[in-house]
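J.: Sequence:
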Amino acid sequence: MSEVTISLGDLGGELERVIRGYSDEVRKETERDVRAAARVAVEELRATSPKGTGEYAAGWAASVKRPAPGSVEAVVGNRDKPGLTHLLEKGHGGPHPAPARPHIEPAAERGIAELRRRMS
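All letters in the sequence shown, in the order written, are residues 1 to 120 by the numbering used here.
Where hints are given, some of them may not hold.
Computed beta-carbon distance windows for the label pairs [unchecked claim]:
1. A108 / V18: 32 to 40 Å
2. D80 / R35: 15 to 23 Å
3. K51 / V75: 18 to 26 Å
4. S63 / S7: 26 to 34 Å
5. S7 / R35: 40 to 48 Å
6. E73 / S7: 22 to 30 Å
7. E3 / R118: 32 to 40 Å
8. K51 / E29: 31 to 39 Å
9. P67 / E14: 25 to 33 Å
Result set (DSS-like, lysine-lysine): computed pairs, CA atoms no more than 27 Å apart in a straight line [claimed, not checked]:
10. K51 / K90
11. K65 / K81
12. K51 / K81
13. K28 / K65
Bear in mind the hints are in silico, worked out from the structure with no lab data behind them.
For each residue, glycine too, the CB sits at the ideal point set by N, CA and C.
When you get a sec, could you build the whole thing from the sequences and use the hints?
T.: Listed below in structure tokens is the structure:
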């Protein structure tokens with residue numbers, strides 16, 4: 001191991017540089033893990049979504065955002081048929097009632113499990 005000599009006056013700046021570098025590395029790794037978990041959820045949704053024309057199943061996508069410094073979140077949604085998600089997931093009444101076809105919650109749980117696995 002090599003020795004590094006730092007004057008007392010430079011210690012604060014050097015510590016800040018090391019911590020900032022570590023923080024950037026952790027942020028990048030976390031963002032990578034969140035992206036991967038979101039991809040797992042999207043793949044699950046595409047595979048398990050009700051298929052009529054296939055447009056609904058193919059419409060699933062994820063985006064990763066940084067809403068505040070030090071945080072990262074993934075949003076998974078259906079870009080082609082966003083108004084159908086709750087109707088298919090929960091079912092609906094009315095003149096043409098339809099039973100629930102749960103597919104979103106299991107995919108979300110799988111994505112969360114993947115994120116936990118990657119971050120442990």
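J.: Indicate, hint by hint, whether the structure satisfies it.
T.: Here is how each hint holds up against the structure:
no.: 1; hint: A108 / V18: 32 to 40 Å; verdict: 37 Å, holds
no.: 2; hint: D80 / R35: 15 to 23 Å; verdict: 21 Å, holds
no.: 3; hint: K51 / V75: 18 to 26 Å; verdict: 23 Å, holds
no.: 4; hint: S63 / S7: 26 to 34 Å; verdict: 46 Å, violated
no.: 5; hint: S7 / R35: 40 to 48 Å; verdict: 42 Å, holds
no.: 6; hint: E73 / S7: 22 to 30 Å; verdict: 42 Å, violated
no.: 7; hint: E3 / R118: 32 to 40 Å; verdict: 37 Å, holds
no.: 8; hint: K51 / E29: 31 to 39 Å; verdict: 36 Å, holds
no.: 9; hint: P67 / E14: 25 to 33 Å; verdict: 31 Å, holds
no.: 10; hint: K51 / K90; verdict: 16 Å, holds
no.: 11; hint: K65 / K81; verdict: 22 Å, holds
no.: 12; hint: K51 / K81; verdict: 12 Å, holds
no.: 13; hint: K28 / K65; verdict: 13 Å, holds
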